[in-house]
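Colleague: One-letter residues, chain by chain:
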Amino acid sequence: MRRERELERQLRETPIPEEAEAEERSWEVVRAAYSERVPVVPSHRTRRLVLAVAVGAALLALGFSPAGAKMGDWVRDVVGEEDAKPRLTSLPAAGEILVESDGAWIVRSDGSQRRLGDYDEAAWSPRGLYVAVTDGADLFAVDPAGEVRWKVSAPSQVQDPVWGGIGFDTRIAYRSGDDLWVVAGDGTDKRVVARNVAHVAPAWRPLFPEAKVNAAPEGAGGIHLLTYVDMAKQTHTVDVDTRRPGPTTREDFERLSASPSGAPAGRALSPDGQSFAVVRRVGGRDELVLTHPNQEEEQVLFSAPGNLTGPTWSPDGRWILTGWPEADQWVFIRAEEECLARPEQPRCVEAIGEISSQFASGDDGDAPFPRVSGWILPER
Amino acid sequence: MTAAAVRLPVALRLVTAGQSVAPMSAEPASERLPQLPRPGLLRGRGEAGLVREAQRGSEDALEELFRRHWRRAHRGAYLVVGDSAAAEDIAQEAFLAAIRALDRFDRTRPFGPWLHRITVNRAIDFARARKLRRESAMAVEAEDIAPVEAGLSDELMAALADLSPEHRAVIVLRHLLGYTPGEIGAILGLPRGTVNSRLRRALDRLRPVLEGEER
Chain A
0 MRRERELERQ
10 LRETPIPEEA
20 EAEERSWEVV
30 RAAYSERVPV
40 VPSHRTRRLV
50 LAVAVGAALL
60 ALGFSPAGAK
70 MGDWVRDVVG
80 EEDAKPRLTS
90 LPAAGEILVE
100 SDGAWIVRSD
110 GSQRRLGDYD
120 EAAWSPRGLY
130 VAVTDGADLF
140 AVDPAGEVRW
150 KVSAPSQVQD
160 PVWGGIGFDT
170 RIAYRSGDDL
180 WVVAGDGTDK
190 RVVARNVAHV
200 APAWRPLFPE
210 AKVNAAPEGA
220 GGIHLLTYVD
230 MAKQTHTVDV
240 DTRRPGPTTR
250 EDFERLSASP
260 SGAPAGRALS
270 PDGQSFAVVR
280 RVGGRDELVL
290 THPNQEEEQV
300 LFSAPGNLTG
310 PTWSPDGRWI
320 LTGWPEADQW
330 VFIRAEEECL
340 ARPEQPRCVE
350 AIGEISSQFA
360 SGDDGDAPFP
370 RVSGWILPER
Chain B
0 MTAAAVRLPV
10 ALRLVTAGQS
20 VAPMSAEPAS
30 ERLPQLPRPG
40 LLRGRGEAGL
50 VREAQRGSED
60 ALEELFRRHW
70 RRAHRGAYLV
80 VGDSAAAEDI
90 AQEAFLAAIR
100 ALDRFDRTRP
110 FGPWLHRITV
120 NRAIDFARAR
130 KLRRESAMAV
140 EAEDIAPVEA
150 GLSDELMAAL
160 ADLSPEHRAV
170 IVLRHLLGYT
180 PGEIGAILGL
190 PRGTVNSRLR
200 RALDRLRPVL
210 EGEER
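Chains as they are written, first to last, in numbering that gives the first Met the number 0: chain A, 0 to 379; chain B, 0 to 214.
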């Protein structure tokens with residue numbers, strides 16, 4: 000496996016003479032050719048939505064293999080193509096999904112969608128009763144019907160809101176410019192807790208549900224520990240109420256700053272705390288892998304050319320949702336034992352095609368690829 | 000409201016009318032993943048949307064598609080033909096072919112594999128033609144892959160140059176572009192078994208060099 004990785008690295012990194020200049024020269028040629036083209040207004044037609052080869056990769060690669068498996072593993076088979084559903088008509092598991100696309104949206108389990116408004120980013124409150132949304136330099140709390148309950152303003156654009164806490168005692172952390180801010184769950188007591196922070200979303204401790212044992216007793220309020228990364232790429236944990244530093248673990252660092260781009264790695268712990276769903280880059284494609292803490296074995300659930308987003312677990316831990324922007328699809332992968340053991344079964348993978356257009360607010364049907372902000376079983 | 004929610008809050012805050020809402024109780028821990036930095040509008044858009052916009056005449060959408068795919072297509076061509084100027088022509092031609100076929104493109108399918116199919120097949124054709132020209136002219140200089148740049152070791156470059164264009168293509172498709180053997184078979188019009196055997200053979204040829212690199 001190391002040999003293949005070394006080969007991939009060299010193929011990926013070897014310099015090409017005048018690569019950037021070649022790109023610009025070609026873009027000018029392509030742009031000129033495009034400007035001479037007469038656009039054709041596409042007609043409506045029956046669309047055969049394709050869940051391309053990745054489904055096959057998902058199904059075939061379902062055999063457990065040891066981490067660092069030997070060379071044979073890179074030659075995986077693949078099934079051809081399967082149809083994707085043209086519309087998101089229902090979710091495969093109970094709960095509601097919060098989506099950022101052309102505005103903030105909530106998708107209910109029956110597939111119905113509600114647009115909360117023309118917001119940039121969104122985050123569930125811990126129990127799913129409210130949503131924190133951002134619009135420029137403003138942070139709002141809205142209810143699931145989209146009604147604004149309160150609003151606070153920041154000096155510059157609000158980004159990366161994350162809502163955590165316990166009992167009545169919740170906090171929302173967000174970035175504005177280079178500063179990290181916190182506001183209480185009722186919109187009061189806004190303050191800066193750190194300056195010169197990196198453009199990486201903060202995360203409330205515990206970062207993973209298995210760390211709940213470290214949280215304060217239920218209903219007793221508690222310590223609000225927030226982990227963030229500064230501009231020197233150092234990871235810090237701070238009690239946002241006292242500003243006292245808290246312990247920062249290796250796990251924090253990996254969670255928040257392991258990715259070369261500075262973005263957090265796609266990683267999500269299952270609701271039962273028994274396994275991680277991880278998106279990782281292998282060559283020119285992304286794999287969604289199921290890993291088990293303290294075990295060497297891992298299982299490739301899905302593999303596709305290009306990038307995968309997420310992953311996000313369903314609240315019952317039976318499904319994993321990943322986005323595949325290159326195919327404009329959401330892919331739901333069933334993570335239950337019967338599918339892991341017999342991946343060829345139907346109903347183990349559900350794909351929804353042309354997903355972007357389903358979150359478009361305008362008539363043109365165009366919207367950014369929908370990013371899943373959270374899948375929660377609201378307590379209402 | 001759950002039992003937990005009605006317990007006396009430690010940090011319940013005073014609320015003025017119109018300013019805030021009912022208490023927002025919560026279970027511990029946000030399970031939400033940190034967010035990726037938000038890209039620009041087009042950079043965050045799905046490919047089907049970009050293709051649709053490009054079909055309708057949006058140069059911005061076309062440029063976003065070009066920027067997403069150019070470098071990998073160019074690199075793939077370069078590693079098959081070993082000539083940066085030829086690779087530029089091949090990748091450029093692939094994009095021009097894509098523009099010509101844009102209105103017929105099924106946007107429910109990913110754009111990348113479609114482009115790579117054109118690019119890699121053209122690169123193989125180019126390398127085959129050059130080899131034929133070279134053999135007919137009795138010119139024997141090794142020029143399939145020019146080992147002039149750092150990055151790939153001279154030994155690996157030489158080993159790659161020793162492979163046929165078809166074998167280089169499967170290496171590129173598998174180990175640069177990340178396709179599975181089944182997908183490579185679809186791109187090159189080959190049975191999967193043939194792809195697998197070419198991959199094994201090519202890696203066998205490269206293995207001594209790669210093992211040397213590890214030491």
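For the record, the hints were derived by calculation from the structure and aren't laboratory data.
Predicted, not measured: the structure shown is a model, and the values here were computed from it.
Each residue gets a CB set at the ideal place from its N, CA and C atoms; glycine is no exception.
Fair warning: there could be bad hints in the mix.
Simulated DEER-style distance windows between Cβ atoms [what the hints assert, rightly or not]: (1) B:R127 / A:K232: 43 to 53 Å; (2) A:H198 / B:D203: 22 to 32 Å; (3) A:E20 / B:A100: 40 to 50 Å; (4) A:H198 / B:A100: 19 to 29 Å; (5) B:D161 / A:S89: 51 to 61 Å; (6) B:R55 / A:S152: 36 to 46 Å.
Away from chain B, derived, C-beta distances all over 10 Å, residues of chain A [said to hold, decoys possible]: (7) Q9; (8) R30; (9) P91; (10) D109; (11) R114; (12) S152; (13) V192; (14) Q233; (15) Q298; (16) E325; (17) R346; (18) E353; (19) S355.
Colleague: Hint by hint, say whether it matches the structure.
Modeller: Each hint, compared with the structure:
no.: 1; hint: B:R127 / A:K232: 43 to 53 Å; result: holds (48 Å)
no.: 2; hint: A:H198 / B:D203: 22 to 32 Å; result: violated (45 Å)
no.: 3; hint: A:E20 / B:A100: 40 to 50 Å; result: violated (27 Å)
no.: 4; hint: A:H198 / B:A100: 19 to 29 Å; result: violated (39 Å)
no.: 5; hint: B:D161 / A:S89: 51 to 61 Å; result: holds (55 Å)
no.: 6; hint: B:R55 / A:S152: 36 to 46 Å; result: holds (38 Å)
no.: 7; hint: Q9; result: violated (5 Å)
no.: 8; hint: R30; result: violated (7 Å)
no.: 9; hint: P91; result: holds (19 Å)
no.: 10; hint: D109; result: holds (23 Å)
no.: 11; hint: R114; result: holds (17 Å)
no.: 12; hint: S152; result: holds (14 Å)
no.: 13; hint: V192; result: holds (16 Å)
no.: 14; hint: Q233; result: holds (16 Å)
no.: 15; hint: Q298; result: holds (17 Å)
no.: 16; hint: E325; result: violated (4 Å)
no.: 17; hint: R346; result: holds (22 Å)
no.: 18; hint: E353; result: violated (6 Å)
no.: 19; hint: S355; result: violated (4 Å)
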